[in-house]
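Undergrad: Note that the protein sequences, when read in sequence, are chains A and B.
Each residue of the first sequence is one higher than the one before, starting from 1 at the first, in the numbering used here.
Each residue of the second sequence is one higher than the one before, starting from 1 at the first, in the numbering used here.
For the record, the hints were derived by calculation from the structure and aren't laboratory data.
Check the hints yourself; a few may be wrong.
As the list claims (entries may be wrong) - Cross-link-like lysine-lysine pairs, in silico, DSS-like; alpha carbons within 25 angstroms at most:
#1 A:K30 x B:K418
#2 A:K23 x B:K359
#3 B:K550 x B:K562
#4 A:K65 x A:K96
#5 B:K378 x B:K404
#6 B:K604 x B:K562
#7 B:K589 x B:K604
#8 A:K30 x B:K604
#9 B:K589 x B:K562
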Amino acid sequence: MKGYDRKTIGDLLEGALPWQQTKQIMSSYKDDDRFLKALAAHQMRVPWKARILLPLGENLYIVLKEGQRVVRCSCGFVFGDASRNWKLGAVVLVRKTRQELEEIYPHADVCDGNWMELREFICPSCATLLEVEACAPGYPIVEDFRPDLDAFYSEWLGAPLEDASGEASPNEHGGSSLSQPPDRNT
Amino acid sequence: MTRSRPVVAGIDAGGTMTDTILVDQSGEFTVGKAATTPQCEALGFLESAEEACHYRGIGLETMFRNVDVVLYSGTGMLNVLLSRTGRRLGLITTRGMEDMVLMGRGLQAWSGYSYSDRLHAVTHCHPEPLVSRLDTFGVTERIDHFGDVIIELYEHEVRDAVITLIDRRVEAICVCLLFAHVNPTHERRIAEIARAELKAHGSETDLYLSHDVRPVVREQSRLNSVLIEAYATGRGRQQLASIQDTAARHGFRHTVQTLQSFGGLTSIAHPHLHETMVSGPIGGILGAQYVGRLIGTDSLVVSDLGGTSFDMGIITRGQVRIEHEPVMGRFKLNLPMIAMDTIGAGAGMHLKVDPVTGKVSLGPDSAGSEPGPVCFDKGNLQPTVCDCDAILGRLNPEYFLGGKVRLNVELAHEAFRKRCAEPLGIDNVHDAAEGMLTMLESEASTALRRILSAQGIHPSEYALLSYGGSGPLHLGGYSRDIGFSDILTFKFAAAFSAFGCTTADYQKRFSRSVRLDVPLAGDEEEMSHVARRIDIVWNDLRRQAGNQMKADGHSANNVHCKPFLLMRFTGQLEDVEIASPIELVADSKGLETVVATFVDTYRKINRCVSTYGQAGVTIVELGVAASAAKIKPKLVRKQLGSPSPCQNTHKGQREVYFGGSWHSTDLWEMDGLQPGNEIGGPAVIEHPATTLVVHPGDQVFVDEWSILHYRHG
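So that you can see chain B by itself, here it is in the shape it has in the complex:
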């Protein structure tokens, strides 16, 4: 088959697998998979790219020479943070605030815990601080919340602190002072003194300033942001550089791109690399947003079921929600990030039965890819959800990962009988295994219902999009009876996150904390004053954005700047981000337009009754999102053909266990399905990287975009 050359290569290195997706101009995809190699990510990157090239029938060099964009999102920096293998840091802060690193935020003691552990305070424990208390020095100075200097900086204390830190051989010095985001004078002066001392001592220690990394309010999150930037990105940068070297060695001529947590692309030379730390999971949301726009479904609930977690996100009328203080590696950060909810539920999760109460639980630990589920036959004997799928005939033992792994169903059956069915007193192993699957699916279903009701969303207005290696396998179960308008999945579900990354545009966000009160019944002059102050900040940020985008190689004509604001009703604690409907506020009329947009958005999110207009409105952050378009994959629209699939696609029959009995089930090859095809359940549609299970009575329809629609009977 002749295929046009790929133009975009997206690589998503997850916790266990590295996925590569090659996309050509006509929108055709090829997917490659390889195990992630945390020690040297370039190895996994190359192997997975090689596999994608192999499936496409081209050489690695040809691919790298031809693609315009190589997009890499990895887990290297997150691993540095989680395994605590980053740099040794020193910290200079306002005197009296030295214990900030030890005290942390209360919720950091249990963030990332399962619900039962959150309730058991005995398991709570603060994460080990990234900087030792002994390497933390307070210097006398004080700037108040208006930005006025209350106590001058005691420069001799700075000098002493820097010299001590040099003696202690720290690898980077961070500076985080109170209210540095309002007035950074003291932080800048500390930097000057530190640079002079470092030079005098011949030291090459790096310096990180909080107002530079993240100039926004809330010092604990700002401190965490600057510490993580200094701690983890050094090695992360090395990993990215090795990816760049590897790509260049094989003929790639441009800079490798990576994805920021709010969904924008940036080059790997991005100055604040911690903003790219968590990018894998959000790839799926970007992909869903893009696909939704193409096919005319702009309100979607996305669900990603992998080996360890079930991630959910919501897209309402094409817009995603941005979270401003996410938790990363158990630290609360100041960082815009696409909001996603996660529960611990995945196909690799260990199944456990409490010997005393007989209670069954899933996880929270997972078998990962090594040793993997029992049926992988690599030494694990604790059954997982995946083993139940194998026992019930839902997975093809000869075709797992395209036949790379042969599943030992007998071993899984024995382990499950011994460790789960017998302790539960259930004689029929298959009934017990089906019960386990129902448990996983109902946990996922409950989580979906919870986020829908928490946001006041009616499922009939939303389509559910399912992806992830195990998504299609359990889709029929977890989507049942919720009432979505449509249920979609893809042939490339297993690499959908990598696909999503390739749909992102180049984007950077610049923002600054402010505190501007807009009384609703304010006089004209006061309103105009606030409007002018907003415009001054926006213009300043636009200039900054223009310069950085230019430095990244984008021409001024291609860069679009969209201003945004974070606003709240005065006195409330939560902000709402709104995209400004106007480029500049200019006067009181413009300000009224902005406030009206805020009230409208606030009502959509929180319902009318919660508005609190009498209190007035406060603007807490002003920002500019600069973006430049990039070439994207296209989905190809084809004519709908016959409802019956081509007979070559039919792979035979297998006995599969559904609803307490064995059913003779048709097997289909997913790649062979054509637009218009309809398949009635019971059926199993197989792909090298995923399996779609169609329950008896249900139906799958392939639309003109080759998207699979699951319909419950």
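Next comes chain A alone, as it looks inside the complex:
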């Protein structure tokens, strides 16, 4: 499959590509090395050196820092271990009154604060809005997803992640490393 150069992928992430080109990339099969090029583009955007393992959002990453997998904001703030919900370490702005909600939704589009509230998760260091969730009041903080990085790296990318000791981590599922990604249909 045709690969794109790193700059194109970087522009794609920045939203700087013309729509026609973006649409063409979206409608084509995904190129083999898209993930690695996207990681490299992300790495160029952040001011720190720690290796990015997986982007979680526009400004949020799982990174390998001093042998630990941690969640980190693009400003450098560390939320803690990647196996723990990073949102628990964020500053939260809850919008539930009509006035608070009307700042986001105009007029008739506003929701009933007794049924739904908006929780905005903000970086304590740089005040970037990292994530928003819409929940019923009282609902626990949502953990969006907990990626299985070892399986992803070994079975899909064919390059097992190393831990702090420099050895490949054991596969959680007990499977061996594959040089080719498996068929998605199986």
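Given the coordinates of chain A, work out where chain B should sit on it, guided by the hints.
TA: Just chain B now, kept in the frame of chain A:
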């Protein structure tokens, strides 16, 4: 060989190639081809005409001095629209409707997309509006759907809007008000005020009024029609003028003609040039209609397989279906157009294999003529369908486009092995390539079956006609097992669209939206009232048609006006166009005749069970089609001769891959085949512009009109 002088020159400038066909009085054709030159279409036009003249053995000047009709259908205006290089527009509309340009029609967000993209809403995106929202001004006024003025026009707002638009240096001002097609008073008044202001400011900005461009119901399509007319036709007119200049410089004495999307010829000075924007693809349908009439086969399915698309159309008992709201450049328009279905499938399409799932897909992007398929050796390394044809020996590497392009089969083989066969895990490259061809052919075949079943047509009552540069190459594959009564193709298949354009008559359509309810159990007086109203509109349109045809230089005796109506069962949303069986309705009896014709046509299209007579019938549009005959090419009928072709026609043998093995295959020169000749497969019949592949067990027969009939074994 002595040949009589050509009388018609048809030039069809497609997306990649410009085809010229010269036709003489005895109906003989000569075809020339050259690459389309979008920046200055006159160059491609001249080069392709020169080539046709060369093959015919006459000079360019001789040809232009002698022909009576030069017919040009180009893509210039469509390119202006697609590349967004048209004029800067301003818009004046009814206050409150200013956002119409931004909202558009929902389907415009995905029109022209592949099926998978239609399903993925993330790829949906509205086309960039042709007029900026900042250059759009609402003026207070309102006319209701009866045509009554509810709010008078606030003239000072018009003045302010026009002055602002002049300051903003727009190149054309469009006016589109609600219900202007019922009562255009306010649009006309706006035009008066605007002209006065433009004059006062010394501005030469053009004005376009929606009721003038397209006086029919549905304001979004009407708005798009007027915007596209203003946006794209300015430069399009320049291109056509340069074609006219070029022809005149070489001795042509008349006006160059162009084709409207519903199939009528008109001069390039046509006031609504956007109606000629899409004319190339419909040329084939007109040609098929004409050929069908000559040879006595009036029900045809036409199929045009080119480099990027597979176009299909249906002719039932000599009649083609007209679509009234087609999509052009992703805008829904109000414009009568010959209905054609298109899927993305062509010989230039890139073949791709998903690295993860191993799924194979065709296109949607195509290699075009530059850089072209891999075998053209011009830098493209992504294999195409054409490369598979070359790998399997179906194309002659030394005789592609008559030898103009030498095919590098080895390069195509290598690229295909690396990018398609290996990722699929298939060792035999030829098997993989044949699989790709089967995929293209079954996509085309499925598309044909789909339109047949959607229209309730049984293929045994229809003949399939195949043309386009790649049509004959894949005809054997895509026509198999559908059960057509006959399968036809031509020696000039590659230029059939250009040929079709030359068979058109001068024609103009004039129509007006109305809303006339005809209750089926209506009383005599009510029926007569409706009949009188129809006649008033028809007479008015006849007058208009007569004047315009006269202005185009046709004498009144040669002009025939045929009235038509768009009708529906009251409450339904789709209209059916019917040609009126009578010239004037006159009274209730006449109206009953018209309604009976509608019900009959409706049943033919939609089957009996779908009629909805209890609701009554509504007439939504009245129109007149004015036409004047023109000289046309003739097909020459010859005596059937011997079944065995002349030995000079035999070009030798080549190994060609069919059904998983190599076959020693006879090669024939298509131009040398004579009526009566029969060729059994496996065989390859070659022509400079196309190749007909005859599969093992199949047969090709040349009839008395020199049409090739493909028969499956």
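Undergrad: Would you mind marking each hint as holding or not holding in the structure?
TA: Right, here's what the structure says about each hint:
1. A:K30 x B:K418: Holds, at roughly 18 angstroms.
2. A:K23 x B:K359: holds (20 angstroms)
3. B:K550 x B:K562: Roughly 16 angstroms separates the two Cα atoms, so the pair holds.
4. A:K65 x A:K96: violated (37 angstroms)
5. B:K378 x B:K404: Distance ~14 angstroms between K378 of chain B and K404 of chain B Cα, so the pair holds.
6. B:K604 x B:K562: Answer holds: K604 of chain B to K562 of chain B is near 21 angstroms, not above 25 angstroms.
7. B:K589 x B:K604: With a Cα-Cα distance of about 23 angstroms, the restraint between K589 of chain B and K604 of chain B holds, given a limit of 25 angstroms.
8. A:K30 x B:K604: violated (47 angstroms)
9. B:K589 x B:K562: holds (19 angstroms)
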